[in-house]
Each structure stands twice: as structure tokens, then as C-alpha cells.
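Chain order of the listed sequences is Z and W.
Here the first sequence stands for residues 100 to 328, numbered as in the working numbering.
Here the second sequence stands for residues 100 to 328, numbered as in the working numbering.
Derived by calculation from the structure, the hints in this document are not laboratory data.
Any given hint might turn out to be false.
[To be verified] Covered by chain W, per the in silico footprint, the following chain Z stretches (three or more residues, Cβ under 8 Å):
#1 137–150
#2 298–304
[As the list claims (entries may be wrong)] Sample of chain W residues with no beta-carbon within 12 Å of chain Z, all distances over it, derived:
#3 P212
#4 G232
#5 P318
None of the values given here were measured: they were computed from a predicted structure.
In this text, a Cβ means the ideal position worked out from N, Cα and C, and glycines have one as well.
2 protein chains.
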Amino acid sequence: MKPVKAVVFDLYGTLYDVHSVARQCSGFYPGRGLEISAMWRQKQLEYTWLRTLMGQYLSFEAATEDALVFTCRQLKLALDDKTRATLCDAYLHLQPHPEVPAALSALQRCGLPLAILSNGSVHSIDSVVGNSGLRHHFAELISVDSVRLFKPHTKVYELAETRLGLHRSDILFVSSNAWDAAGARHFGFPVCWINRAGNSFDELGVQPDMTATSMDALPGLVDRQAGAA
Amino acid sequence: MKPVKAVVFDLYGTLYDVHSVARQCSGFYPGRGLEISAMWRQKQLEYTWLRTLMGQYLSFEAATEDALVFTCRQLKLALDDKTRATLCDAYLHLQPHPEVPAALSALQRCGLPLAILSNGSVHSIDSVVGNSGLRHHFAELISVDSVRLFKPHTKVYELAETRLGLHRSDILFVSSNAWDAAGARHFGFPVCWINRAGNSFDELGVQPDMTATSMDALPGLVDRQAGAA
Numbered sequence: 100m101k102p103v104k105a106v107v108f109d110l111y112g113t114l115y116d117v118h119s120v121a122r123q124c125s126g127f128y129p130g131r132g133l134e135i136s137a138m139w140r141q142k143q144l145e146y147t148w149l150r151t152l153m154g155q156y157l158s159f160e161a162a163t164e165d166a167l168v169f170t171c172r173q174l175k176l177a178l179d180d181k182t183r184a185t186l187c188d189a190y191l192h193l194q195p196h197p198e199v200p201a202a203l204s205a206l207q208r209c210g211l212p213l214a215i216l217s218n219g220s221v222h223s224i225d226s227v228v229g230n231s232g233l234r235h236h237f238a239e240l241i242s243v244d245s246v247r248l249f250k251p252h253t254k255v256y257e258l259a260e261t262r263l264g265l266h267r268s269d270i271l272f273v274s275s276n277a278w279d280a281a282g283a284r285h286f287g288f289p290v291c292w293i294n295r296a297g298n299s300f301d302e303l304g305v306q307p308d309m310t311a312t313s314m315d316a317l318p319g320l321v322d323r324q325a326g327a328a
Numbered sequence: 100m101k102p103v104k105a106v107v108f109d110l111y112g113t114l115y116d117v118h119s120v121a122r123q124c125s126g127f128y129p130g131r132g133l134e135i136s137a138m139w140r141q142k143q144l145e146y147t148w149l150r151t152l153m154g155q156y157l158s159f160e161a162a163t164e165d166a167l168v169f170t171c172r173q174l175k176l177a178l179d180d181k182t183r184a185t186l187c188d189a190y191l192h193l194q195p196h197p198e199v200p201a202a203l204s205a206l207q208r209c210g211l212p213l214a215i216l217s218n219g220s221v222h223s224i225d226s227v228v229g230n231s232g233l234r235h236h237f238a239e240l241i242s243v244d245s246v247r248l249f250k251p252h253t254k255v256y257e258l259a260e261t262r263l264g265l266h267r268s269d270i271l272f273v274s275s276n277a278w279d280a281a282g283a284r285h286f287g288f289p290v291c292w293i294n295r296a297g298n299s300f301d302e303l304g305v306q307p308d309m310t311a312t313s314m315d316a317l318p319g320l321v322d323r324q325a326g327a328a
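With these hints in hand, go ahead and build the complete structure from the sequences.
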């Protein structure tokens, strides 16, 4: 693999822990937080894929709210307007994974521009990154909103090339979501899969170029690449 | 709703029980059959959606095999070539849901042409329908293969209009898969959702025109419609 000229991150699940909302869920539904957050996340993803296939785009926030409504109905849990608003708001205050702030600082010292390419709307990405105090690390925050399609549609990954003015082969794409890493690899990015949970990589016809168990490994991988140039 | 001129069925899950493979799974992996068949089915669906979004179509049989390979790897179960071939073959010998044969006979007496529109390849649909002895009920077996996209992509539903020579508003679409029923409804079919499991309907911006707990109800619903004409 040749040295890269920029690093682009997925946001939900990769930099930020989507299951950090489980705590808020537990507050409203004691003992059910992890169950709710797991089904909520699964349905949120399914709704982005299905809406794109149906040609019925709606914002990530709206898909997130729809997924929460389904989850509570399926689990036979009452969901009043206030609870719904509070839980959806929790998605604007996600916690970064613990190692992320230090890893971003170390990566910045490598001198490469860093960016985010996310299913979230401009507002959601701004909020999550701003609320966690990590905004200064990123040269670009790129939302799918302008193409009205969700990952892993090819046109979403093209946005990173356009916004960074770089060819796909010069951009390292980093994701914890195997389906996102596979979509990015099919597109032509070099890809690092962050596999914190010890999962198997999805069988989608490609493998990631690199796999790491956390973001801690990333500065070393990028540095070694630069050293090999 | 105006009277319809044809009835089009989804195959996997609607006419045929995808979890009938659980028995064969249990034969190879005692006590794990339901767990395997549930993850296998979920991943099979995800892979059809993701492959379509990535522009990386492959046949339904290949997606089914990929999903089985992932499932066994994720569950840390060994999968040799013979087991893999035997389990994938089970998808060509799915059992119809118990009420289906009688419901199809009763529907045929209503005088409407019946058809299948499925993610399966021509070979898969032929095999499943032929092996279960239900071929004579159907005027058309329609596969996504010719458009190289999976449901719920709009172009798949268009195939039913083309093959039956009818407008979408004249075709009753029947599916047990809420995401498929929602895709068909967005497309413009009148839709009956068969909800055998007592699930909530997915939050995808539409509702089915009719819901039934089994196919038993379908001849009566179609008849009442004809009577109302």
C-alpha cells in the first residue's frame, strides 16, 4: 500500500460509541438499556439502507427517531413525546470511544489532514463533534445530506474525494462498521477496520487492508506507511 | 381500494418458511439450529441490501452462502465444504407455511392470476416451488436476476408490472417481510402484510393496506374486494 495523503473516519460506532445511549435508555426503561440500544442501532442502519434502496431518503435524525419508535413498539414499551425527544437528543451527545482523543492528537502530529464522512446530517455531525470538544482535529466534516443517499452507496464515498481534492487511492478510510469498511474498499479506498468487539469481518467480497483492535494502533500504522515511502 | 387483477407473492418468508432450515442446522450443530438460522437469515438480507447499494450484485444463492460462512465464523462453528453445500441446498427445499397450499387453491378459484416476485434466481425459485409441488398455481415466476438488483429497489417491483402487463395499482402484493411490504407500498402496489409472528410493522413512512395473521385470510379479502366492485 502506498502512503496516504489524508485519513477519513466514519463517525457512528467508529469515533463515537453508539451504545453510550444505553445509559439514557436505562434511565427511562430500567434494566432494558442495552437491549433497546442494540435494536435501535440495528433498525437505524436498516432504515438508512432500505430508504436509499426505495428512493425515499430522509435525514439520519428522522431515521434514528423512526428506529426508536419501532424499537419501543416492538418491545411493547410506552414512548411519550418527552422520552422520545430526550433519547433522540442523546444521539447528539455521543461519547467518543476512550482512546479516540489521544489517537486523533497523535495522528495530527503525522501531518495528514483528518476528516469525517458520516451518514449524519451536517447539524448532527457538528453537534456530536462539537459537544465532545474534538472539532479542532478535523479539516472537513462531510455529510451524506448533499447526495440524499446513505452509505454504502458509491456516491457517498465520492464526496470524500471531491471535498478533499484527492484520489480515492490517497485516502485512508477508517471504520468500525464492517459493512462500511467493505463498501469503502469496493469503492477503492485503502481501508482500516477498527474491530473493538472481536467480530468476524462481513463476507462482502473484499477484505480490509488493515485491521486494528482500537484507534490506538492507527498513528503507528500511518507512520510506518510514511516511513516506507 | 379498487378490485385487483392479479396477486403477486414474495417467496422467502411469505410462502415458504425460511426457518425450516433450522432442522438441518440442528443436525450438524445440535442445539444451535434456531440461533444459526436467525443470524443466517438476517445476514442474507443485509448482504442483498448492501450489495445492491455498493453496486456489487451477486446471485441470491451466493449471498446466502456468504451469509452462512459469516454466521459460522461469527459463532465459532467449523463449516466444512460438505456441510456448507448441504445447508445451502436446504434453501432449495424450503417448506411452505402450513396454510399456503390450501390458500393458493382457494385464491385460484377467485380467477385471478398468481405470481411470485422473488430475490431468488430463476433456478432457486423454480427449485423451491417445484420441490414443494406448488408450481401449477403460478402464472409467472419472476426473479430479480434480470435487473441485477435486490428488493426493495424500485426496479425490482417494476418487473411485476412488465411481466404481468398490468399497472401497479391493479396488482395486490403480498409479503411477510415488513421492509418488502413497505417497499412495495412506496412503489404503488396495494399491499397485504402477512404478520404471522405478531411483529410491529417497520417505520418506513407507509402502512400496508391490509394485514392478516396468515394466508388463510387472503381469499376472503380478495373475494370481498371483487364483491365490492
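Hints, one by one, checked against the model:
no. : hint    : in the structure
1   : 137–150 : holds (count 6)
2   : 298–304 : holds (count 6)
3   : P212    : 26 Å, holds
4   : G232    : 33 Å, holds
5   : P318    : 29 Å, holds
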